[in-house]
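Colleague: For reference, the chains in residue letters:
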Amino acid sequence: MKNVAKNLMFPLIAVVAAFLVGGVIVLIVGDSPLLVYELFLTSAFTGADGIGYTLFYATPFIFTGLAVAVAFKCGLLNIGAEGQLIVAAFAAAWVGLVLPGWPALLVVTLSILAAMLAGGIWAGVPGLLKARFGAHEVITTIMMNFIAAGLIGWLTHDHFRKQGDPILESLPIAEMKDGAPVGPHIPRMSAILEPLGIHFPARLPLNMAFFFALAACVIVYVFLWKTKWGYELRAVGVSPGAAQYGGISIARNIVLAMFISGMLAGMVGVNEVLGYRYRYYHDFSPGYGFSGIAVALLGRNHPAGVLLAAILFGALTRSSLFIQIFTDHVSKDWVVILQATIILFVACEAVFRGGALRLFRGSRPSVAGE
Amino acid sequence: MVRYSTPLILAALGGMYSERGGVINIALEGIMLAGAFTASVVTIFSHNPWVGLAAAMCAGLLVALIHAVASIACRADQVVVGASINMLFLGVPALVSGALFQSTGSTPQLPREQTLPEMHLPLIDKIPVLSQLFSGHTAITYIAFALVPLSYFVLFRTRFGLRLRAVGESPEAADTAGISVYRMRCAGVLLSGALAGIGGAYLSIAQNSLFTRNMTGGRGFIALAALIFGKWHPVGAFMACLLFGFAEAVSDQLQGVVPIPVQLIQIFPYVLTLIVLAGFIGRAIPPRAIGTPYVKESR
Numbered sequence: 001m002k003n004v005a006k007n008l009m010f011p012l013i014a015v016v017a018a019f020l021v022g023g024v025i026v027l028i029v030g031d032s033p034l035l036v037y038e039l040f041l042t043s044a045f046t047g048a049d050g051i052g053y054t055l056f057y058a059t060p061f062i063f064t065g066l067a068v069a070v071a072f073k074c075g076l077l078n079i080g081a082e083g084q085l086i087v088a089a090f091a092a093a094w095v096g097l098v099l100p101g102w103p104a105l106l107v108v109t110l111s112i113l114a115a116m117l118a119g120g121i122w123a124g125v126p127g128l129l130k131a132r133f134g135a136h137e138v139i140t141t142i143m144m145n146f147i148a149a150g151l152i153g154w155l156t157h158d159h160f161r162k163q164g165d166p167i168l169e170s171l172p173i174a175e176m177k178d179g180a181p182v183g184p185h186i187p188r189m190s191a192i193l194e195p196l197g198i199h200f201p202a203r204l205p206l207n208m209a210f211f212f213a214l215a216a217c218v219i220v221y222v223f224l225w226k227t228k229w230g231y232e233l234r235a236v237g238v239s240p241g242a243a244q245y246g247g248i249s250i251a252r253n254i255v256l257a258m259f260i261s262g263m264l265a266g267m268v269g270v271n272e273v274l275g276y277r278y279r280y281y282h283d284f285s286p287g288y289g290f291s292g293i294a295v296a297l298l299g300r301n302h303p304a305g306v307l308l309a310a311i312l313f314g315a316l317t318r319s320s321l322f323i324q325i326f327t328d329h330v331s332k333d334w335v336v337i338l339q340a341t342i343i344l345f346v347a348c349e350a351v352f353r354g355g356a357l358r359l360f361r362g363s364r365p366s367v368a369g370e
Numbered sequence: 371m372v373r374y375s376t377p378l379i380l381a382a383l384g385g386m387y388s389e390r391g392g393v394i395n396i397a398l399e400g401i402m403l404a405g406a407f408t409a410s411v412v413t414i415f416s417h418n419p420w421v422g423l424a425a426a427m428c429a430g431l432l433v434a435l436i437h438a439v440a441s442i443a444c445r446a447d448q449v450v451v452g453a454s455i456n457m458l459f460l461g462v463p464a465l466v467s468g469a470l471f472q473s474t475g476s477t478p479q480l481p482r483e484q485t486l487p488e489m490h491l492p493l494i495d496k497i498p499v500l501s502q503l504f505s506g507h508t509a510i511t512y513i514a515f516a517l518v519p520l521s522y523f524v525l526f527r528t529r530f531g532l533r534l535r536a537v538g539e540s541p542e543a544a545d546t547a548g549i550s551v552y553r554m555r556c557a558g559v560l561l562s563g564a565l566a567g568i569g570g571a572y573l574s575i576a577q578n579s580l581f582t583r584n585m586t587g588g589r590g591f592i593a594l595a596a597l598i599f600g601k602w603h604p605v606g607a608f609m610a611c612l613l614f615g616f617a618e619a620v621s622d623q624l625q626g627v628v629p630i631p632v633q634l635i636q637i638f639p640y641v642l643t644l645i646v647l648a649g650f651i652g653r654a655i656p657p658r659a660i661g662t663p664y665v666k667e668s669r
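Order-wise, the sequence lines are chains A and B. Residue numbers for the first sequence follow this note's numbering, so the first one is 1 and each next one is one higher. Residue numbers for the second sequence follow this note's numbering, so the first one is 371 and each next one is one higher.
Looking at chain B on its own, in the form it has when it is part of the complex (with noise of 0.2 Å):
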């Protein structure tokens, strides 16, 4: 189940200080696809999984300035940069690794010491259950987790977090002011790309040792699901990727098990996403400016 949950954690965290600077995100797919894509190409020249790992934030942050520079200063409507990114992503890993591999769209797979190591925690590993919960992960799983309640505090304890949800709310009155929209909608975007980078990452150099054509699976989407339905709060986001991650690991096991067709219990996370946004479990309230571009009002 944390396995399956860390890449939603980091796409979802990501997308929360997008979302909460007002900037709609639904490139996460398409950024985690980068990620995953430039963490594999990398480690494969490279030999070493961590340069993977930076190559495949940096490829984050790229993208994610792609998103900023026409969603913020070009002003063009968020969703559709989002949705070409997205399409992007589907085509450029598919046209590099044919022209780097001569393959269809997968990298070759990487020897195990290459993927990222699993970390045991010297104490815990001693404890029966708690280990096989807490221990034996690799370094991504554990800064998922330590970036919760790092980003409720940035979010909420700090100065930026503030400028952050401000400019998320009430861009005109963050203006007044003084604070730059702009710049706190790009460094939303741009966390969120880095974020979704790693989380991309997880999936080619840590849970799986190779690039597959695609191999995000909706899990952008998801990771947005998740963190409507966590009301974008970094700990509910947090518990319903747990929730989206517990119902994939589930369906896994109970493949040929349980009578529930496997394809219906996939898309018990999408269901899910729709009843809350019908306001069934709560109310879910986005930021107030999110998806319009800020205009400079003449005063």
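If we strip away everything but chain A, and leave its shape as in the complex, we get (with noise of 0.2 Å):
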């Protein structure tokens, strides 16, 4: 309990500091902190819609957090997150344009592994780059994001898109008829509560993909503390000289981590196309692939962490509507400002835990036994 109690304490501190120095921000440009805070705790967790966007929303932060936690637990930095969602979602796009009139839950099937497999191979190629030939993964990754916004948007542009559609989005693959989605699709909260009893609004978009996202939270736990294949993973990134001289292959390790890192970001996709959207929206994504750098930090790259502090950026996000509309100077983009202040404050913290400062440091493999 005391470690629990322990590992709480500096994110909740960073999140804390943040909190007051946006404040501080919301004093500047001369609106009320008090009524910024209450708009956020109104907001985002009460009433259905609260508590229905909040959780929608940090939907793709939980799977983002996941994939940086996991890319950070062997030793990388996995900021292609927002390229692997792109390419994703895409993916999950098109497996369901190409196979019109197939059956739906096929369809779907093969919709998330393709957003699974996009995802995975997206961050898998600087994966094997680093493995290779040692390239910084931030800097390939960052690369795969701008060459993934490029080919994407092009082939929306150019191959996908309905004629005249001024938006660069794909054709649709489920349309919405009566308030209920026609074609292949994951069904909405609505739709999964009804049959229980409990009346949901339709038209919010929270979907089953929450729960994939909840289980794929037990899943990392259990696949990277109780595995075999997930203890190598950390051994490679806790000391990666260690891990080699105890057998374990370094470059296996980090092509695997990146791959499921990517896979982790491209179900993101899923929620938005295949439970939202039912389409590919070009530049859907605000920022989630960054924001799940916050989370995973936040969360100190744990599964229960990462859920928090997704839980908490849906929050955010879901209330920085509230806080644009009803004050007279704070704009959404304080919600942007806070969450960057969350990542400083808390990559600052992170130096006073020695442990977590090994996980920083073991960036460059070292092959030639060093």
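Read the hints as simulated data drawn from the structure, not as lab findings. Backbone N, C-alpha and C fix where the C-beta goes; we use that ideal spot for every residue, glycine too. Just so you know, not all the hints are guaranteed correct.
What the hints assert, rightly or not - Among chain A residues calculated to face chain B with C-beta under 8 Å, some are: (1) Ile79; (2) Phe290; (3) Ala347.
To be verified - Stretch by stretch, here's where chain B covers chain A in the computed footprint (C-beta under 8 Å, at least three residues): (4) 54-65; (5) 125-137; (6) 150-164; (7) 320-333.
Said to hold, decoys possible - Pulled from the structure, derived: some chain B residues nowhere near chain A, Cβ distances all over 12 Å: (8) Cys428; (9) Val462; (10) Ala509; (11) Leu647.
Got two chains here, each in a separate frame; can you build the complex from them with the hints?
Modeller: As structure tokens, then:
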């Protein structure tokens, strides 16, 4: 218990400090911090709308947070979640588009698999470059982000768009008819809760992907701490030299870690395409990939922490709109600033924990028997 | 082409100073945004672009200071700090301009007289082809180009440069020789901030006349790519920046003319960097101690 408390303390301090800084910023632009805090709490945590949207936004944060956390555990920094989720979302939509008329369940399954594969490959390439050539994964993943944006943007624009549609989005794989989606999709929370007698508004985009996210947390935990592969992955992260001495292949684990990381990031595409928009919508991500770094750091790279941090960020995203509307000067960007400040503070806190320091330091694999 | 390369050159050279000292600086993007925004706002209120330029440099220094404190003094992970700075300056300009100008992230446009003036070199102006290439640019461009040989000189022919490189390659040895690792790294990071700030200013008060949200559009990362492509050498980085600037200029001109889609032309610099990092065009080896916070060992 003492350990848990110790681990919770620093992220909590970081968050509180960031909120205080945010409050100061609100004061500077001429509004009341108390109003902002109140808006945050009420819009994000009260009512079906509040909780529904908070959890819906939290879902991608859970995925990207897990993605970054898994990579961190192997000593890698995956900044490419942004690009990975783009290709994954597109892949999911693509499957839906090239298989019209196939049984919905099959299409959905293939879509999900396609998303995971696409994300995994998009992360696996930088992983390979690192394992084989020592290329720093930070730069390669950033490059892959831009390449993804350009490539998918082009594909959507030139090949998968409805003629004359000014919005950069693909053709839909399912349409909303009378409030319910028709076509391959994963059910919204309203459809899931209906048979249980709970009425949940259908317009809320919270969908089954949230449960996938929860499942992912459990799976990641089991994989990392209860399986041999997870152990090896973590060993490489803690001390590549020692791991190699013990017979563990550094290169293989780097690629594995990145691939898994990409798969997790790719699940964001499932939430977006199969659960919400039923099409690929370019630029749908308000920085889920980068925020994933914050979520992972805040959650100390542990699935439970990631879950909590993701809910916090989901709440922030949900409330950002309300804060913008109901204050005179504070805009949605305040939330972005808050997130950035949280990252900064958490990054500095990590210094005080010797274990975390070793995680950050293991960036370059020692291949030649250092 | 020269116009497009200018901000890249400034940011890349800045990045070089930081990274040669051993501090990864991916916050170049954010610092450029900070510089661009500051230049625009200050020029609006002071009606003088030169003041705006100076302010941009100071803004760059301040942001770099955050980076330096967090990465060097607090020993936080340099990449994470850089990423958070980038995020910050996606949001801060929008918030501030919303408060100042009631806008959603852009600043009001500056009248022509208040942007940085074009400078015409008297002699070269008379020569037809050269005049187009070398004359009529703003001061920032000339500064940027002059900085290339200057940086070469500073980095390889002065004591400061030697110490900076030493600190990046082997901080332990430099420390033993009595060089303050923290101070040198700080200097490198601050320099990168100043230069990137000026680079950003170029975008908002020289190339254009206003600041728009996220106007750097990834240039900070392209500059980083150019730096790596140029193997952390001022001349190499300069050539890479020219190459990328050329690609950007070409893509602008070719839109609709050539069958290659514009998005694919735009990703050219990034693909190139990947190829370079994979070692197909000679290995790009960074300074040895880059990215690792330095901890003074007890002897």
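Colleague: Taking 8 Å as the C-beta cutoff, is the stated coverage of the region 320-333 of chain A by chain B satisfied by three or more residues?
Modeller: With 4 residues in contact (Cβ-Cβ under 8 Å with chain B), the coverage given for the region 320-333 of chain A holds.
Colleague: Taking 8 Å as the Cβ threshold, is the statement that the region 150-164 of chain A is covered by chain B upheld or broken by the three-residue rule?
Modeller: holds (count 6)
Colleague: Looking at Cys428/B again, its CB stays over 12 Å from all of chain A?
Modeller: Given a closest Cβ separation of 19 Å, the condition holds.
Colleague: Go check the region 125-137 of chain A versus chain B for me, would you? Three or more residues, Cβ under 8 Å, otherwise it fails.
Modeller: holds (count 5)
Colleague: Should the hint that Phe290/A touches chain B count as held when the rule is a Cβ pair under 8 Å?
Modeller: holds, 6 Å
Colleague: Three or more residues of the region 54-65 of chain A near chain B by CB distance under 8 Å?
Modeller: This one is violated; 0 residues, fewer than the three required, reach chain B with a Cβ under 8 Å.
Colleague: Hey, is Leu647/B genuinely clear of chain A, shortest beta carbon separation above 12 Å?
Modeller: violated, 4 Å
Colleague: Report holds or violated for the interface hint on Ile79/A, using the least CB-CB distance to chain B and a cut-off of 8 Å.
Modeller: holds, 7 Å
Colleague: Could you check that no beta carbon of chain A comes within 12 Å of the beta carbon of Ala509/B?
Modeller: For Ala509/B, whose nearest Cβ neighbour in chain A is about 30 Å away, the distance exceeds 12 Å, so it holds.
Colleague: The hint names Ala347/A as touching chain B; please verify it with the least Cβ-Cβ distance against 8 Å.
Modeller: For Ala347/A, the interface hint holds, since the closest Cβ of chain B sits about 4 Å away, which is under 8 Å.
Colleague: Does the no-contact call for Val462/B survive, Cβ to all of chain A over 12 Å?
Modeller: violated, 6 Å
Checked against the numbered hints given earlier, this structure breaks hints 4, 9, 11; the rest are met.
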